[in-house]
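A.B. asks: Line by line, the protein sequences are chains A and B. Mind the numbering: the first sequence is residues 1 to 305 in this note's numbering, read in order. Mind the numbering: the second sequence is residues 1 to 305 in this note's numbering, read in order.
None of these hints come from the bench; they were simulated from the model. Keep in mind that the hints are not guaranteed to be accurate.
Distance windows between CB atoms, simulated [claimed, not checked]: (1) A:17 / B:29: 24 to 32 Å; (2) B:116 / A:255: 50 to 58 Å; (3) B:240 / A:103: 19 to 27 Å.
Please read these numbers as outputs of a predicted model, since none were measured by experiment. No residue lacks a Cβ here, since even glycine has one placed at the ideal position from N, Cα and C.
Number of protein chains: 2
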Amino acid sequence: MLDVCLLGCGGMMPLPERWLTSLLVRCNGHSLLIDCGEGTQIAMREQRLSFKDIDTICFTHYHADHISGLPGLMLTIGNSERTEPVLLVGPRGLERTVRRFLTVAPELPFPIHLLELGEGVESFQRGELRVTAFPLEHSMPCRGYTLELPRSGRFDPQRAKAANIPVKLWSRLQKGESITEDGRTFTPEMVLGPARRGLKLVYCTDTRPVPEIARQAESADLLVCEGMYGEPEKAKKAAQKKHMTFQEAAVLAAKARPERLWLTHFSPALTQPEAYLPLAQALFPATELGEDGKQITLHFQEERG
Amino acid sequence: MLDVCLLGCGGMMPLPERWLTSLLVRCNGHSLLIDCGEGTQIAMREQRLSFKDIDTICFTHYHADHISGLPGLMLTIGNSERTEPVLLVGPRGLERTVRRFLTVAPELPFPIHLLELGEGVESFQRGELRVTAFPLEHSMPCRGYTLELPRSGRFDPQRAKAANIPVKLWSRLQKGESITEDGRTFTPEMVLGPARRGLKLVYCTDTRPVPEIARQAESADLLVCEGMYGEPEKAKKAAQKKHMTFQEAAVLAAKARPERLWLTHFSPALTQPEAYLPLAQALFPATELGEDGKQITLHFQEERG
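Just chain A, with the same shape it has in the complex:
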């Protein structure tokens, strides 16, 4: 399962009643954070989330509202007594940007690893999570992120028997272990049926509604997508500023058909986002407004309530 918390739902600048947009995803004791603007560490503390467990921070891009909380967060992670590495991931410019920010946090008790992304769609593994970064269209290089938790097939005793695998090895194989015994190697695939539907979450800010978002979000459990402007009359401004309206995000979701869409990254001028929610729901009914601290636990399909 994936524990998901939208720490904030604002864009551009933090407000007294609205933290900047960032997402924390927890999976089996590991935490992955996407973006880290000014105040993100305070939002995490409000939700009583662990700083020590953060092992990955992915940046969509390097505008201040997405990264300037980094030095403070890194110091606070250090203060949580983490000693294991933290991986920072982002589009080109990562190393230069991080180095500049961390001059005010020169002594951290954990190593920093960097993964600077290339130009296209690019995947990497973090524990059980498969992370795919994909290009967005903003005023600077920007990436969306797809997080997938795969699920292996069901255990099939018929296959295990047919392959003549000793019964005492079944449960270890079922848990994903490969075992060599008496010169024979047994792999989980030998006892498992076809892979089952896993979990998928897609996150994209800041961007125009590019087709890749819909491709990535196809049958996702959750699409977290920017909607900087609620007002349809701001469509032109959204195009100029390389952002989206609620309706543009809903059109993408209607194509991709995720289980649900969370809108986020609201403009500071958008004080009543709920006024524009129906416009998005008319296009994609499972649209919800993001809000500070909004949480969901995504379960594998059969486990669902």
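Using the hints provided, position chain B relative to the given structure of chain A.
C.D. replies: Just chain B now, kept in the frame of chain A:
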């Protein structure tokens, strides 16, 4: 008069119920900010203070909790439509540090001026305010700041008459203007008595209790001073970390005799600062605890209620 607002009273990291320590001082439409950690712009917004009026930002030093709010604040000042320059002041390293932080805020609609301080005590003028930076003792170069608003002498009609100054010029001279008329030059000193007591505010974090603080704070209207630790048993830790206990700050105040002492920059572990206030008040009765948004208006002496 000086309008003073302590925006936060925390040290080290921002907390949900405690902003990082910084001070905003307003004087005749000009605002001077001392330090700008993560969240300072949110604290300002909570107090409904103007971003556009900020023309000076003084840094005590470049630890993250004192500067990492800079990029966000500068963007927000830019967004307030300020076009006049903003002066940034701080100890050596200012230019390098500011340049690094502002890579994520590359296009600001106002010029940035820099004043990198030397090693000793150094004064400069900002509008009517005289600002004096003085060295503190911390784990990196660090400065305290004294802000003084001078007050000219009382108008003395006897002197004006004795000097044979035309009556029609009196009020302009009284307001501080120098006037040349019919080949003669008249200056305010010719009609004013001796300068009267002005206003003085001293701010110092992060530091050990060095004697210069007491010298600067002599007969100040307000001393804002760090007290990282309330517990007397943390005196050793305070010495190691180059901070102060409440009692150490109170001893300084007892020497300097300011009108009042505000303690600030509390450790995140100091959840009940009020428990240790009496220990400080025993040494200096006019000790008060800083708190987020604590305000005072300092008036010239005769104007006082």
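A.B. asks: A separate judgement is required for each hint: does it hold in the structure or not?
C.D. replies: How the hints compare with the structure:
1. In this structure the supplied range 24 to 32 Å holds for residue 17 (chain A) paired with residue 29 (chain B), their Cβ-Cβ distance being about 28 Å.
2. Checked against the given bound of 50 to 58 Å, the beta carbons of residue 116 (chain B) and residue 255 (chain A), roughly 55 Å apart, stay inside it.
3. Between residue 240 (chain B) and residue 103 (chain A) the Cβ separation comes to about 24 Å, which falls inside the hinted range of 19 to 27 Å.
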